[in-house]
Amino acid sequence: MAASVALRIDLPITRMASPVTFADGVREHQDEVYGVALRITGDREAALDVASSTFLKAYRAFDRYDQTRPLRYWLLRIATNEAISYVRKRGRELRRRVALEQGTTLADPTALPDAESVAREDRARIRAAVSLLPELYRVVIVLRYFNDLSVDEIARVTKRPASTVGVQLLRGRTLLRTALEAGR
Amino acid sequence: MSNDRREDDLFDETRLRRALRLEPAELPTRLDLAAIVARARADRPAFTAASLISTLVAGVAAAGLVGLIAVTLPAVAPALASDLFTAAIETLANVAIPASFLLNLAAQPTVPVAAIAALAVAIAYEYAQRRESLREVTS
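Sequence order for the protein chains is A and B.
Residue numbers for the first sequence follow this note's numbering, so the first one is -11 and each next one is one higher.
Residue numbers for the second sequence follow this note's numbering, so the first one is 265 and each next one is one higher.
The shape of chain B in the complex, shown without the other chains (with noise of 0.2 Å):
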């Protein structure tokens, strides 16, 4: 069964390759070097212009938005730099006063943070030797 397949493939791939081969009434007459050389030279100038002007466009097109920036940033950049400075002396604002309660108490010297994580520490030691023992108990 395989070798009939192979042999299927090979007929067909030497029948491929005879089918496809070019024929001398096929060939065709030399390629004019020259004339492919000369189009390539004619149509080069006009390449080359045509990439200059689209070169001198984006050239100017570049210098336009440059200027425009220049023109429009001195007119603009205050009124801006105000708002911005505006809105961040906002946000400081409602960030301090909720902070300004947490920094008093960590400051006062009535309630020393120390004590704090201390007392937490020791709740969290309690804690974990009854489950401790409970587990003892149960096992």
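The shape of chain A in the complex, shown without the other chains (with noise of 0.2 Å):
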């Protein structure tokens, strides 16, 4: 069965004489697609949603993916655009749930005040308030700052001009510090 399923993956590989095949793609790329969602979304279900949607979209359009260029880029563009989706439809379901769990993890009760308490504390503001930026700036300062992702890269992967995700960038951090200043 394992080797039925196996075969009838790599389907598309064979027909295509492609360099990657979708199972090697997913595999290598899904903890970032998964990532990607969770920071645009800022929620576990909603990220795996998106990712099983990246997946099911990539699998089915990858007989007419160009194999010229990268998978990864090809993979984060569709989560990117998922994402962005799911939180325009479920939004203010997303923030609700979101809100409900930045609050419970700085609400942690066996949190003692540390070094790494506080560092968690940090991270978990920091996270709330880029979930919290307009999708224009998030993806861009998710993209640049959680997929490592070079100006040049993120314009590729969401077709805007370099200079565009440049200034994006800029102002995303700007409005990230502006709320992360306003919330001590």
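Hints are computed from structural coordinates only; laboratory data are not their basis.
There may be inaccurate statements among the hints.
[What the hints assert, rightly or not] Cut-off 16 Å, straight-line C-alpha distance, at most; resulting in silico cross-link-like pairs (EDC-like, lysine to aspartate or glutamate): (1) Lys45/A x Asp296/B; (2) Lys77/A x Glu123/A; (3) Lys45/A x Asp307/B.
This one's a predicted model, so the numbers in the text were calculated from it and none came from an experiment.
With the hints as a guide, bring both chains together as one complex.
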């Protein structure tokens, strides 16, 4: 059964004689795809949904995917688009869930006022601030600081001009700093 | 000042990277690849059927439109052609009346067009000469 599933998953690959198989792509990039979805949506359940629909779309479009381009950027592009659509569709419900999750993270009763707990609170505050950024800035901030992409790479993923990405990164950072300072 | 700013930015970038990094507890269980593939295949027949139906509907609509045109055109075409022909004749008559006067004038052997043109050139030349001499007097 497992062998037949593996064979079926590899079908697009043998048909296209592509250097990367769909299964390899999923294995290699699933954490990154899930991570970018998590940082954009701010919710684990939503991130899982987004990651699944990303790979579903990628599987359906795999024979149209340009093999000369890196698979990573293609998957990240689908994932960011899916995450944005998800946020747009379920924005209100998502914000409530994110606020609840952040609240429980901050109000951890086992937390001690040591360096580790301070760092954890700081991380939670930054993540909450990122998830509240306007999506225009959120996407570039996540791609830059979570996926470690350069400005040119972000421009390729988002199909925005590099100069626009640069300005959006700057503006996103300023908004984040303002939000974090206001939350102190 | 700019040094402080750069350090501030560097600090922010490091802090951001550290905050956004996935923690081991956040990592999801492995995605079920077989389930994704199965879902893609399960959805595909419905999608194929929907696209087939929409193509069929579009085809039927196009065929209906072509049939309608084929039926109505023979009935409408003579009336339409007659109207168009009448309008064309009327326009032609309206243009021809003033045009015939000008054409008659040009065709008159007593008023040769070349003579009129020569007269016009002579008048223009005279005008130019006078203007030139006037400019010489005033300067």
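Task: Hinted pair Lys45/A and Asp296/B, Cα distance within 16 Å - done: Given that 16 Å is the threshold and the Cα spacing comes to 15 Å, the pair holds.
Open item on the list: For Lys77/A and Glu123/A, compute the direct alpha-carbon distance and say whether it is at most 16 Å.
Closed with: The given pair, whose Cα atoms are some 13 Å apart, holds under the 16 Å limit.
- [ ] Verify the proposed pairing of Lys45/A with Asp307/B, using a straight-line Cα cut of 16 Å.
- [x] 11 Å, holds
Every hint, counting from the list given before, is met by this structure.
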